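> Here are the chains, one letter per residue:
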Amino acid sequence: MTLISGMIESLLLGLSTGLFCAMYCVPPLVPMLCGRGEVTVRTTVTRTLWFLAGRFTTYAIMGALFARAGLIVSSFFDPVLASKLSVFGYIACALVLIADYRLFIQGKRTFRCGRCTAAVPSSAGDSASPFAAGLSVGLHICPAFWTMLFLCLQSGSVLSSTAFFAAFLVGTLPFFLPVLGLPFVVNRVALLRRVAQFAQLLVAGYFLIFAGLIPLFFYQ
Amino acid sequence: MAVKSLLTALMTLLVYFFTISLGNGSVYSWIYGLFLIGIFAAIMYTGKVHTYRRVFQFVFALLFTVAFIGNLYDERGSMAMTANTFTESEVPFCHLVIPLVFIPYVLTQTVVFPARILGHYASIISLLVIWFVATITIGRGWCSWACFYGGIEDGFSGMRKKPLVKTVAKNREIRAFHFAVLVFLILMTLAFMSSIYCQWFCPFKLITEFPQLVDIPTLIGTFVFMSLFFLMVVILPLLTKKRTQCSMLCPFGAMQSLLDKMSMYRVVIDTERCTGCMKCAEVCPFFAIDRETILENKGHPEITCAKCGACVDVCPQQAIRFDFSLTKHFREKNPGKAFLDGPGRLTKILREFIEPKYFFVFSAFTFGVVISSGLAVNGLQRIAEALISAFNLGGM
Numbered sequence: 001m002t003l004i005s006g007m008i009e010s011l012l013l014g015l016s017t018g019l020f021c022a023m024y025c026v027p028p029l030v031p032m033l034c035g036r037g038e039v040t041v042r043t044t045v046t047r048t049l050w051f052l053a054g055r056f057t058t059y060a061i062m063g064a065l066f067a068r069a070g071l072i073v074s075s076f077f078d079p080v081l082a083s084k085l086s087v088f089g090y091i092a093c094a095l096v097l098i099a100d101y102r103l104f105i106q107g108k109r110t111f112r113c114g115r116c117t118a119a120v121p122s123s124a125g126d127s128a129s130p131f132a133a134g135l136s137v138g139l140h141i142c143p144a145f146w147t148m149l150f151l152c153l154q155s156g157s158v159l160s161s162t163a164f165f166a167a168f169l170v171g172t173l174p175f176f177l178p179v180l181g182l183p184f185v186v187n188r189v190a191l192l193r194r195v196a197q198f199a200q201l202l203v204a205g206y207f208l209i210f211a212g213l214i215p216l217f218f219y220q
Numbered sequence: 001m002a003v004k005s006l007l008t009a010l011m012t013l014l015v016y017f018f019t020i021s022l023g024n025g026s027v028y029s030w031i032y033g034l035f036l037i038g039i040f041a042a043i044m045y046t047g048k049v050h051t052y053r054r055v056f057q058f059v060f061a062l063l064f065t066v067a068f069i070g071n072l073y074d075e076r077g078s079m080a081m082t083a084n085t086f087t088e089s090e091v092p093f094c095h096l097v098i099p100l101v102f103i104p105y106v107l108t109q110t111v112v113f114p115a116r117i118l119g120h121y122a123s124i125i126s127l128l129v130i131w132f133v134a135t136i137t138i139g140r141g142w143c144s145w146a147c148f149y150g151g152i153e154d155g156f157s158g159m160r161k162k163p164l165v166k167t168v169a170k171n172r173e174i175r176a177f178h179f180a181v182l183v184f185l186i187l188m189t190l191a192f193m194s195s196i197y198c199q200w201f202c203p204f205k206l207i208t209e210f211p212q213l214v215d216i217p218t219l220i221g222t223f224v225f226m227s228l229f230f231l232m233v234v235i236l237p238l239l240t241k242k243r244t245q246c247s248m249l250c251p252f253g254a255m256q257s258l259l260d261k262m263s264m265y266r267v268v269i270d271t272e273r274c275t276g277c278m279k280c281a282e283v284c285p286f287f288a289i290d291r292e293t294i295l296e297n298k299g300h301p302e303i304t305c306a307k308c309g310a311c312v313d314v315c316p317q318q319a320i321r322f323d324f325s326l327t328k329h330f331r332e333k334n335p336g337k338a339f340l341d342g343p344g345r346l347t348k349i350l351r352e353f354i355e356p357k358y359f360f361v362f363s364a365f366t367f368g369v370v371i372s373s374g375l376a377v378n379g380l381q382r383i384a385e386a387l388i389s390a391f392n393l394g395g396m
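Chains as they are written, first to last, in the working numbering: chain E, 1 to 220; chain H, 1 to 396.
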């Protein structure tokens with residue numbers, strides 16, 4: 001498999017399964033886009049790109065790990081590993097959403113320890129938070145991601161695996177375009193901002209308890 | 001007076017057809033039929049919409065519960081759903097999950113609920129048709145007039161004379177929370193491609209059907225839905241005199257609020273007559289009126305109004321009334337003018353005849369009759385037979 005053919009395959013995989021990627025990414029992403037600060041096309045694009053960058057970082061790290069490990073990981077390459085990674089992904093995502101709510105919705109960004117005071121800059125809400133959410137969401141294992149990991153494993157090259165995942169991510173991008181319409185809706189109905197804030201907490205709670213801790217302790 | 005009599009006579013015909021005739025003229029269908037006619041006549045002649053509607057909905061909910069559980073025992077011998085129930089799509093479709101099945105279906109052509117598409121009294125298509133007709137006629141009025149679950153809370157919320165906890169100041173937040181629950185459930189249903197509301201959050205599993213207790217997660221699920229039932233359907237309605245489950249958790253209620261603009265009827269507040277006493281806000285079970293609604297002279301309750309009639313009944317100035325949605329434009333152009341204004345006798349009769357309140361009550365109650373008749377008669381029969389066998393009256 002050449003680099004080009006692998007990238008084309010990844011791109012097509014992204015295009016054909018991107019809907020499911022978007023369906024999974026939307027629950028943590030949409031409340032973050034609508035619940036705080038200014039909601040403009042610019043902030044929406046910025047936050048979405050940071051979110052996708054986070055996703056890509058996890059993909060690239062996972063791809064590199066699998067590419068370096070090669071076929072030695074094939075014995076762990078089963079649904080149990082996939083569901084465990086997903087569970088940790090849910091828990092991490094929940095923690096990010098809760099931290100984001102506290103820092104950027106409740107505005108408790110100052111931390112004190114003795115005489116020292118540290119503050120999280122408000123601009124981090126547009127970059128660090130979505131990036132962290134993207135990092136955790138990237139751990140969710142779906143069939144398309146699983147297939148991509150196989151491609152990386154076969155390639156045996158960190159560079160190729162990164163290129164494959166970049167092509168895959170590009171393939172999924174069109175499915176994220178509808179989020180660009182959010183500012184037009186949110187700015188028309190004032191209540192929607194509060195709705196998004198509550199939804200963020202509910203999504204975090206569900207990810208933490210029902211998709212995270214319960215499967216972690218009782219299903220595996 | 002003539003209009004009230006005419007509509008009562010028409011309702012009697014409808015009840016005769018849907019309740020008595022379809023109930024094969026059994027004694028139970030006659031009893032329930034007479035109950036329905038009595039309730040409708042009481043609303044018409046006393047003008048107390050909310051009081052009698054609540055009696056109807058509570059009785060309907062109780063009889064529905066008895067019938068539903070009885071039917072499950074007849075069919076399966078238990079209220080628990082087995083693996084076969086899921087794999088063979090034998091779960092009766094429930095209107096509460098209608099908002100959750102739409103978007104996944106549009107995007108992936110997958111129905112995330114294990115029910116039959118057709119050929120069952122609770123199939124997906126049959127409920128969707130009923131829902132569509134209800135939406136374009138009575139809108140969110142469904143929750144007050146045709147929802148068999150809502151009646152239970154309605155009963156509990158009406159038990160105390162005054163609320164122990166007042167919520168008016170928090171109404172806006174509660175409405176936002178309700179829509180957040182809808183958004184959350186839709187997003188999660190999309191992400192997991194399964195109806196997570198049914199899996200974890202439906203409080204009515206306690207009185208309908210629930211998964212078999214085979215492992216710790218189903219035990220946790222059972223604990224969650226029992227807690228939600230007692231908290232949202234019993235305790236909070238008792239404390240607040242509000243329908244808390246319908247106004248905070250039910251995805252169908254939130255969706256109907258959004259679609260209510262499509263309906264033929266609405267509730268309007270005459271801002272000229274309103275003195276701002278806030279009695280309407282205190283009695284509204286759906287958190288649909290708050291200080292801003294009145295102070296900002298909005299002229300209508302908020303989006304979550306379910307047309308239960310509580311505010312219409314309680315307003316000392318008669319400033320709140322039912323209205324046709326179509327006349328909104330006319331009234332905005334001609335403030336203070338009646339829709340059919342004129343001195344003629346015919347105009348007066350017509351004006352009385354097209355009184356929106358009567359029309360709305362007639363439409364909404366018709367839904368109540370159609371939805372309730374089959375199961376309510378069945379429930380009544382089951383209760384009567386249980387009593388007869390308990391007291392051994394059959395052997396007398």
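One or more hints might be untrue.
[Stated by the list, open to error] Pairwise CB distance ranges, derived in the manner of DEER restraints:
(1) H/136 to E/38: 36 to 42 Å
(2) E/181 to H/164: 42 to 48 Å
(3) H/118 to E/40: 53 to 59 Å
(4) E/78 to H/22: 53 to 59 Å
(5) E/40 to H/129: 40 to 46 Å
(6) E/181 to H/3: 44 to 50 Å
[Stated by the list, open to error] The following residues of chain H were derived to be distant from chain E, with all beta-carbon distances above 12 Å:
(7) 34
(8) 81
(9) 125
(10) 184
(11) 201
Source of the hints: derived by calculation from the structure; they are not laboratory data. Being a predicted model, the structure only gives us computed values, none of them experimental. A virtual CB, placed ideally from N, CA and C, is assigned to each residue, including glycine.
> Now tell me, hint by hint, if it's right for this structure.
Right, here's what the structure says about each hint:
1. H/136 to E/38: 36 to 42 Å: At roughly 38 Å between Cβ atoms, residue 38 of chain E and residue 136 of chain H fall inside 36 to 42 Å, so the hint holds.
2. E/181 to H/164: 42 to 48 Å: Cβ of residue 181 of chain E to Cβ of residue 164 of chain H: about 44 Å, so the range 42 to 48 Å holds.
3. H/118 to E/40: 53 to 59 Å: Since residue 118 of chain H and residue 40 of chain E have Cβ atoms about 47 Å apart, the given range 53 to 59 Å is violated.
4. E/78 to H/22: 53 to 59 Å: At roughly 56 Å between Cβ atoms, residue 22 of chain H and residue 78 of chain E fall inside 53 to 59 Å, so the hint holds.
5. E/40 to H/129: 40 to 46 Å: holds, 42 Å
6. E/181 to H/3: 44 to 50 Å: holds, 48 Å
7. 34: Since the minimum Cβ distance to chain E is about 45 Å, residue 34 of chain H lies beyond 12 Å and the statement holds.
8. 81: holds, 19 Å
9. 125: holds, 25 Å
10. 184: violated, 4 Å
11. 201: violated, 9 Å
Comparing the model with each earlier hint shows violations of hints 3, 10 and 11; every other hint is respected.
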